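*Asks:* I would like the entire structure built from these sequences, with the hints used as guidance.
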Amino acid sequence: MQQFVTLQKKELNTFISALAQSQKVVAPVARGYNNFSFQEVTSGKEIVLKYIPTILPPKKYFLPAQETVISYNKRENSVNAILEYEKMVIFGVHTCDLAGIQCLNMVFADKPRDINYILRKSKIAIIGLECNDYCDEYASCNVVDNHLPNGGYDLFFTDLGDVFMVHINTMLGDELVGKVPVFKPADEKALKALEALRQKKRAIFKNEVDVKHEDLKPLFDRSFTSKVWEDLDKRCLACGNCTNVCPTCYCFDIIDEPSLDLNTGARYRRWDSCQTEPFAKVAGNENFRKERSQRQRHRYMRKFKYPVDKYSRYFCTGCGRCSRTCMAEIKLKETINALAKEAK
Amino acid sequence: MSKNIKVNVEYLTRVEGHGNIVVNVKNGVLEECRLEIIEPPRFFEGMLRGRSIFEAQHITSRICGICACGHTLASIQAAEDALGFSPSEQTIKLRKFLLHMENLDSHILHIYLLVAPDLLGVKSFVPLIETHNAVVRRALRMKKICNDVCDILVGRHVHPISCIVGGFTKLPREKDLDRMLNLLIGLRPDMEATLELAKTLKFPQFNRETEYVGLVNDDGEYPMLSGNLGSTDGLRMDKKEYRKLTNEFVVSHSSAKHTKATRESYAVGALARFNLNYDKLQTKAKEAAKALGMKPIVTNPYLNTVAQLIECVHSLEDSIQILQELKDKGLDYAQEIVVGLNERGNIPVKAGIGFGAVEVPRGILFHEYEIDGKGKIVNANCVIPTGQNCNNIEHDMKALVPQILEKSQEEITLLMEMLVRAYDPCISCSAHFLNVKFVGR
Amino acid sequence: MRKPKVAFFDFACCEGCQLQVANFGEALLDILGLIDVVMFREAMSEKSDEYDIAIVEGSITTSHDIERIKKIRATAKVLIAYGSCATIGGINGMKNNFDLEDIRKYVYKNDAKYFETIPTHPVHQIVKVDYYVHGCPVYQPEFVKVLKAALAGLPYNVPDYSVCVECRFNENVCMYDKGITCLGPVTRAGCNSWCINNGNICYGCRGLLSNPAKDGQMDILKKHDIPLEWVTNKMNMYNKPRELEIDEQKHKG
Amino acid sequence: MKQVELRESEYITMPAKILEARMMTTQEKYFKIALESGASLDHDPGQFVMVSLLGIGEAPISISSSPTKRSYFELVVRNVGKVTNALHKMEAGDTLGIRGPFGRGFPVQILEGNDLLFVAGGLGVVPLRSLINFVIDNRRDFGKVHILLGCKKPADLLFADEIKDWEKRLDVNFHCTVDKADPDWKGNIGLITSLIPGVNLNPVRTFAVVVGPPIMYKFVLIEILKKDIPEKQIYVSLERHMKCGIGKCGHCQIAQYYCCKDGPVFSYDQIKGNVEAL
Ligand SMILES: Cc1cc2nc3c(=O)[nH]c(=O)nc-3n(C[C@H](O)[C@H](O)[C@H](O)COP(=O)(O)OP(=O)(O)OC[C@H]3O[C@@H](n4cnc5c(N)ncnc54)[C@H](O)[C@@H]3O)c2cc1C
Ligand code: SF4
Ligand code: SF4
Ligand code: SF4
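Chains as they are written, first to last, in our numbering: chain B, 506 to 849; chain U, 2 to 442; chain D, 407 to 659; chain V, 7 to 284.
None of these hints come from the bench; they were simulated from the model. Treat the hints with care, as some may be off.
Unchecked claim - Pairs of lysine-lysine, DSS-like flavour, derived with a Cα cap of 27 Å:
{"no.": "1", "chain 1": "B", "residue 1": "786", "chain 2": "V", "residue 2": "267"}
{"no.": "2", "chain 1": "U", "residue 1": "375", "chain 2": "D", "residue 2": "409"}
{"no.": "3", "chain 1": "B", "residue 1": "694", "chain 2": "B", "residue 2": "706"}
{"no.": "4", "chain 1": "V", "residue 1": "233", "chain 2": "V", "residue 2": "158"}
{"no.": "5", "chain 1": "B", "residue 1": "514", "chain 2": "B", "residue 2": "684"}
{"no.": "6", "chain 1": "V", "residue 1": "23", "chain 2": "V", "residue 2": "95"}
{"no.": "7", "chain 1": "V", "residue 1": "158", "chain 2": "D", "residue 2": "409"}
{"no.": "8", "chain 1": "B", "residue 1": "592", "chain 2": "B", "residue 2": "555"}
{"no.": "9", "chain 1": "U", "residue 1": "176", "chain 2": "D", "residue 2": "584"}
{"no.": "10", "chain 1": "B", "residue 1": "616", "chain 2": "B", "residue 2": "628"}
{"no.": "11", "chain 1": "B", "residue 1": "786", "chain 2": "V", "residue 2": "224"}
{"no.": "12", "chain 1": "B", "residue 1": "555", "chain 2": "U", "residue 2": "176"}
{"no.": "13", "chain 1": "U", "residue 1": "176", "chain 2": "U", "residue 2": "124"}
{"no.": "14", "chain 1": "U", "residue 1": "176", "chain 2": "B", "residue 2": "565"}
{"no.": "15", "chain 1": "D", "residue 1": "629", "chain 2": "B", "residue 2": "739"}
{"no.": "16", "chain 1": "B", "residue 1": "836", "chain 2": "D", "residue 2": "409"}
{"no.": "17", "chain 1": "B", "residue 1": "626", "chain 2": "V", "residue 2": "158"}
{"no.": "18", "chain 1": "U", "residue 1": "245", "chain 2": "U", "residue 2": "399"}
{"no.": "19", "chain 1": "B", "residue 1": "711", "chain 2": "B", "residue 2": "555"}
{"no.": "20", "chain 1": "V", "residue 1": "8", "chain 2": "U", "residue 2": "176"}
{"no.": "21", "chain 1": "U", "residue 1": "241", "chain 2": "U", "residue 2": "94"}
Just so you know, these numbers come straight off a predicted model, no measurement behind them.
*Replies:* Okay, structure coming up:
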């Protein structure tokens, strides 16, 4: 297995079209107003190579917004566990989103394992795509160390001008490359160019907040009673956009839906958001996170504190989606800086 | 012959909205005969005052859920007229298509679910599920297809979403055009079957000389979205002058205002359009007319239903043609407009008056708005087809009752109900706008 | 098991929500397999005073309406408010933006006296409502859900989160990105962000969230340089009759 | 999109049959249930199950019986909403689905050999009963046992017969109080916190186990801490909104803990200072 191969940029279309012949291929396409979205494509021409993080991250393929987990028949008193999946290739996943998928993998592999997630994941091939520069001012991938590839892909594409450098990371990746005879072994020149790009990136990507990587967690440890949350309380609309677009938010609701015969039906799970009012409410009208400030705090803690305690990893990928999507313009970097300032 | 008959149909069913029929015959003499419209007034006209002209469509669409697309198009036409804005050719084409879908949808609903039960001697389509299951399924299928096409085109049929002043907020993509085309081509066999069914139906015999009013024009197109006002009595005028035609007056027993043109009353709707513009129908529609024995000028109001069916064929074929053209030429997506930006100056606003005259399923519909320099509505007026037909229906009833006095009270009642239903009256519409001229009691 | 008897009633409305029922296509026959529709004036001549479930469309706008809805409530075991006009007053509520006397005179001139009217009320302000199907028009999949819940005797909880949630699921470009306001953030979800999917804004036809973030909303307007009036204006399109409840609460409190 | 059937899944439910059902108070219904497979649930005291009603939903319900009862288990359900309301309509002979048992129960091995102070408020007696009965069934293995019970009014008292039995036992120090008495009530009146000062205990070897509604904890814990019982020796059982029961769905999260998986039983030491926990 060759580690590095190259692909002429003009051959990308050939590669994608050929792949799309045999399976579903999804890739970033433009939605207008500098918005992008992963959608099914049949040719490379539809793909936008220079895109900022899509509206929804690729998690929508790993943990669909709604999925059936069991189907039932009441009269026969039967219950069947269901898996919904689709074999596909995701092309063009940025490093932050690769990290997001890794986070989800950890959560769903944690015991008891989530079979639905794990089986579905095994049917998806991931082709990463390097960001040569910052996406926009909302990104904060450096502070969480996601601006450079850290695995989690089958193939990884880096744009080197006329060619893509392609890193083959898995056997599955090798198979994909083997399917279409457009790849060449990487030459010395290309490898040098890749190294040069990485060097250049180290200069471009700088810590985006006033806190060092290793100090983030301690900062959040101390910030439970911060005034910053009070400020967010006034601004947050509790619309749930920030959690829905977050690559590492995975909370869900479980809902029964009988069919029209009222005998058969399905139980499905559906993304839920901790930002909505009923999320933590229990009987007797007790709500453990009634205030918007508490819910916002919870969201941040679930990125920078709780998962670190549990999985030793930040669950913010630095993609900037939550800041980009927020109508009230609550910005992750600003929040962190405000907390840091207050802590001083 | 001395006979007393008292027909009082309260809450006329299988029409949109609330209407009552009152017939009173004493000693063989018709004393009283009227159609009452008792829909609670909703004051749309008053509510529009002070709203932005760009919101008029959204609001007036809610006058009637059945002809929401028609109100939408008439409202947009009036608004654009007031603003001095001319829509693009592509926009007009898509609007024509939308109007066809509305026409098709509404006619199918009327023919199958509202009229057919009468002709098959049952009270509603529900018993037909047992006796004529295939027919009911076909009707529902046809209706659903119209609905699905509207979903793709404008988001939904009831209160369309993307069709606004200036154009469309979302244009169908290539695969959407294909989907719509496939749906409509798939509708053809059901349309054939409908024609076959219609051939077997017997309509009551009753003729009355009537003035038929509708849009007319000088090009070769069956006019729905644009044209002058014309009548079978030779009347012709610009849409701006519609008030001269409609001559609205209020009658005490009805919350819908009545209208009259040159004669004591006139009729609008599918039959009027058929009578006025038969020549311009699609070939297939003409063939259908021939097969059904319809030749202008038809003066039996019960045959309005048959005219509707002929229009269905026309709308279907014309829609397919429009879609083909759009597909061949390709859509210009740069024309997709952003809602709200128009209100912020994309379309300049000036004071003015605008008129909209659109052929909707039940006949010609007028919207008129007067706006101030800021684009706020100062005056609004709408004349609804059913409002125009009301007066004519009463005249029909007055002519019909003496001819059928021999029949039993039940038969008379049914014939009267069927007459009213033949006009496909949309009473919820007509009760909402009452302005213009009031003739005292 | 006897099929429950269902009757449709309409008050001031456009009847578009009833039409949504006819738009089910052949699936309508499956629904009719579950229930026995005894009254549906728009499409049926049959009439009945016996029914288990009353599906009520339209708002209450005359004193006669008040009597009628009370009678319906007394007969029906279950009452479903159907469509925005019935659930929140809807577009009819725009009337409440005006002085009633004034609007009556404007529309009916000298004949105003024949046309009695009262402020527009949603049904629940007059009688108890068991289920709500919001929307102008109703979203068919939600109606099916409510119907199934009503038939099974289960509660149906209208989502109390915003339209934005669904809008994100659908990956729409947010209207605020285009520099336009949208009532999505304060409107309860359940319509699958129907209007935004089709390039329009949300007009709030499903009614406001139980706890909309007022301050946040104001903040946004300021940021995007949108006059407050613009939004209150839009809010008053569908949600005006809400004030009648707030007034009432003030009276009580 | 393909749909296939899975042989294993955390969401699959086990069919179970209601053996006995009766109202205990106006709001709470008692159920005696057996798995149709005949297997024992094999739970720890303090664990819960997800009760599944097809087409309606699932609800987490504490197992009230002691694991010493092998052939069946008992639940007590308060009617508050969709699932619980539907459960209240069910009778003996009806079937339902069970997932679980889930969560971490009371640390029986740690409690063994020590003195125990049980404090239960309201519905809290339901999960606590599984431990109390386990302790009583294995009475010799534990030290002194104090049981303090509180509820709003006498009519709310759950398991009244069994409680009488606890009261009669010589090897248990039992006290009960109600917030508001009726004429027939002969016992204590007042909040449960009023019973704690009177208990004579040795803090070094006493473990306190507290279960009750959220507001109760704060006040009871103050009283218990006054008794100098070390924080590590105090256990509470928390209730949170739960959907999956297996530590994924996020609803029950308290800081880094998932109440369904890391709880519902926590030591005070584990969660004190956590602003969202108590
Ligand atoms: C570990 C644990 C043990 C429990 N043990 C018992 C018990 O032994 N007996 C008993 O009667 N109840 C018990 N409960 C509470 C019970 O689970 C809820 O009352 C029940 O889930 C409500 O479901 P519902 O469908 O009837 O109510 P819904 O109609 O869904 O809602 C009614 C109210 O209950 C809240 N609620 C909904 N779902 C849950 C949930 N999963 N968890 C908590 N609150 C919820 C809602 O926010 C709402 O305020 C326990 C809860 C937990 C977490
Ligand atoms: S918290 Fe925000 S920036 Fe971090 S991963 Fe989630 S969406 Fe991206
Ligand atoms: S477009 Fe409207 S509904 Fe959608 S996210 Fe933006 S504000 Fe919310
Ligand atoms: S998007 Fe808003 S206006 Fe449109 S249907 Fe939904 S709630 Fe109503």
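*Asks:* Please go over all the hints and tell whether each is borne out by the structure.
*Replies:* Going down the list of hints, with the structure as the test:
1. B/786 <-> V/267: Holds, at about 19 Å.
2. U/375 <-> D/409: Violated. Residue 375 of chain U to residue 409 of chain D sits at ~56 Å, over the 27 Å cutoff.
3. B/694 <-> B/706: holds, 18 Å
4. V/233 <-> V/158: Holds: residue 233 of chain V and residue 158 of chain V sit about 25 Å apart, inside 27 Å.
5. B/514 <-> B/684: It holds: about 17 Å lies between the C-alpha atoms, which stays within 27 Å.
6. V/23 <-> V/95: holds, 14 Å
7. V/158 <-> D/409: Not OK: residue 158 of chain V and residue 409 of chain D at ~43 Å, beyond 27 Å, violated.
8. B/592 <-> B/555: Satisfied, since the Cα-Cα distance of roughly 26 Å is no more than 27 Å.
9. U/176 <-> D/584: holds, 26 Å
10. B/616 <-> B/628: holds, 21 Å
11. B/786 <-> V/224: Roughly 19 Å between the alpha carbons, so the hint for residue 786 of chain B and residue 224 of chain V holds.
12. B/555 <-> U/176: The given pair, whose Cα atoms are some 26 Å apart, holds under the 27 Å limit.
13. U/176 <-> U/124: violated, 42 Å
14. U/176 <-> B/565: Holds. Residue 176 of chain U to residue 565 of chain B sits at ~23 Å (cutoff 27 Å).
15. D/629 <-> B/739: The hint holds at about 14 Å.
16. B/836 <-> D/409: It is violated: about 55 Å lies between the C-alpha atoms, which goes past 27 Å.
17. B/626 <-> V/158: violated, 51 Å
18. U/245 <-> U/399: Judged against 27 Å, a Cα distance of about 25 Å means the pair holds.
19. B/711 <-> B/555: Holds, because 20 Å separates the two Cα atoms, which is no more than 27 Å.
20. V/8 <-> U/176: Roughly 23 Å separates the two Cα atoms, so the pair holds.
21. U/241 <-> U/94: This hinted pair holds, its Cα atoms lying about 23 Å apart.
The earlier numbered hints that this structure contradicts are 2, 7, 13, 16, 17.
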